[in-house]
Amino acid sequence: QSGLTQPPSASGSPGQSVTISCTGTSSDVGGYNHVSWYQQYPGKAPKLLINEVSKRPSGVPDRFSGSKSGNTASLTVSGLQAEDEADYYCCSFAVTNNWLFGGGTKLTVL
Amino acid sequence: EVQLVESGGGLVQPGGSLRLSCAVSGFTFSSYWMTWVRQAPGKGLEWVANISPDGSAKQYGDSAKGRFTISRDNAENSLYLQMNTLRGEDTAVYYCARSTDWGFDYWGQGTLVTVSS
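Taken in sequence, the protein lines are chains X and L. When we follow the working numbering, the leftmost residue of the first sequence carries the number 278, and every step to the right adds one. When we follow the working numbering, the leftmost residue of the second sequence carries the number 268, and every step to the right adds one.
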């Protein structure tokens, strides 16, 4: 089963909003609410940002939000800050009882 | 404080074996599914395997099937990944992570496995 599709890069200026998409199929993203997003800085472990499509764990700023429509999930970062420059990965449970990750999106704050 | 600490990585020749460990603290280890995720240099994340709280159920990604074995010791609060018949494409940082219904909420710092002659 192939991974989820993310754009390789995204960018925005400080204060702007950026949305990163994550496209799968009805067998994964479209079939379950088990979609999560992770932030990763170079050389560091991933950190959970969003779970269950749109829920933020304690401590995650409300500038980060998640949504889903059909087979595509989205992560929106509002009010971009320099510290948001990182790699972002989506993840979904799949019908074959496994987990799929997106290829990752490198977010650049201009 | 939840902590996951991986160990056991290193340089291994193609065809060789390696056993990774993940020492866990700060939560009731025996109540959670646990997972291994890897990341090849400069690449994205790839789910490798997970294991049920009592160790009776195990699931593997395509790259791990038949070569890797996940296991756990709840008495020792430890997770393991036995990797056999290693290939160059297995070169990666291997992370252990705590699983929930919707993904992975805590991650270790990772251990680097390099497969090379």
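In case anyone wonders, no lab produced these hints; they're calculated from the structure. Yeah, the Cβ is synthetic: ideal placement off N, Cα and C, and Gly gets one too. Check the hints yourself; a few may be wrong.
Taking lysine-lysine and the DSBU-like style, the derived pairs with C-alpha atoms no more than 30 Å apart in a straight line are [as the list claims (entries may be wrong)]:
no.	chain 1	residue 1	chain 2	residue 2
1	X	K345	L	K310
2	L	K332	X	K321
3	X	K324	L	K310
4	L	K332	X	K324
5	L	K310	X	K321
6	X	K324	L	K325
7	X	K345	X	K324
8	X	K383	L	K310
9	L	K310	X	K332
10	L	K325	X	K321
Here's a subset of chain L near chain X, in silico, CB distances under 8 Å, partners left out [as the list claims (entries may be wrong)]:
no.	residue
11	G293
12	G328
13	W369
Non-contacting residues of chain X with respect to chain L, defined by C-beta distances greater than 10 Å in every case (computed) [said to hold, decoys possible]:
no.	residue
14	S286
15	H311
16	V312
17	Y318
18	A322
19	P334
20	D339
21	F341
22	S344
23	T349
24	D361
25	E362
26	V372
27	G379
28	G380
29	G381
Hints versus structure:
1. X/K345 x L/K310: At roughly 25 Å apart (the allowed maximum being 30 Å), L/K310 and X/K345 satisfy the hint.
2. L/K332 x X/K321: holds, 27 Å
3. X/K324 x L/K310: holds, 17 Å
4. L/K332 x X/K324: Measuring from Cα to Cα gives roughly 27 Å; hence the hint holds.
5. L/K310 x X/K321: OK: L/K310 and X/K321 at ~14 Å, within 30 Å.
6. X/K324 x L/K325: The given pair, whose Cα atoms are some 24 Å apart, holds under the 30 Å limit.
7. X/K345 x X/K324: holds, 20 Å
8. X/K383 x L/K310: Holds, because 11 Å separates the two Cα atoms, which is no more than 30 Å.
9. L/K310 x X/K332: Roughly 27 Å separates the two Cα atoms, so the pair holds.
10. L/K325 x X/K321: holds, 27 Å
11. G293: violated, 15 Å
12. G328: holds, 6 Å
13. W369: With a closest approach of 5 Å, the L/W369 hint holds.
14. S286: About 13 Å separates X/S286 from the closest Cβ of chain L, which puts it past 10 Å; holds.
15. H311: violated, 5 Å
16. V312: Its Cβ does come within 10 Å of chain L, the nearest being 7 Å, so this is violated.
17. Y318: It holds; X/Y318 is separated from chain L by about 12 Å at its closest Cβ, greater than 10 Å.
18. A322: Incorrect as stated: the minimum Cβ-Cβ distance to chain L is 4 Å, not above 10 Å.
19. P334: Non-interface label on X/P334 violated, nearest chain L Cβ at 7 Å vs cutoff 10 Å.
20. D339: holds, 18 Å
21. F341: holds, 15 Å
22. S344: Correct as stated: the minimum Cβ-Cβ distance to chain L is 15 Å, above 10 Å.
23. T349: Per Cβ check, X/T349 is outside 10 Å of chain L; nearest 17 Å; holds.
24. D361: Nearest chain L Cβ is 19 Å from X/D361, so the label holds.
25. E362: Non-interface label stands for X/E362: nearest chain L Cβ at 17 Å, farther than 10 Å.
26. V372: Per Cβ check, X/V372 is outside 10 Å of chain L; nearest 13 Å; holds.
27. G379: violated, 7 Å
28. G380: violated, 5 Å
29. G381: violated, 4 Å
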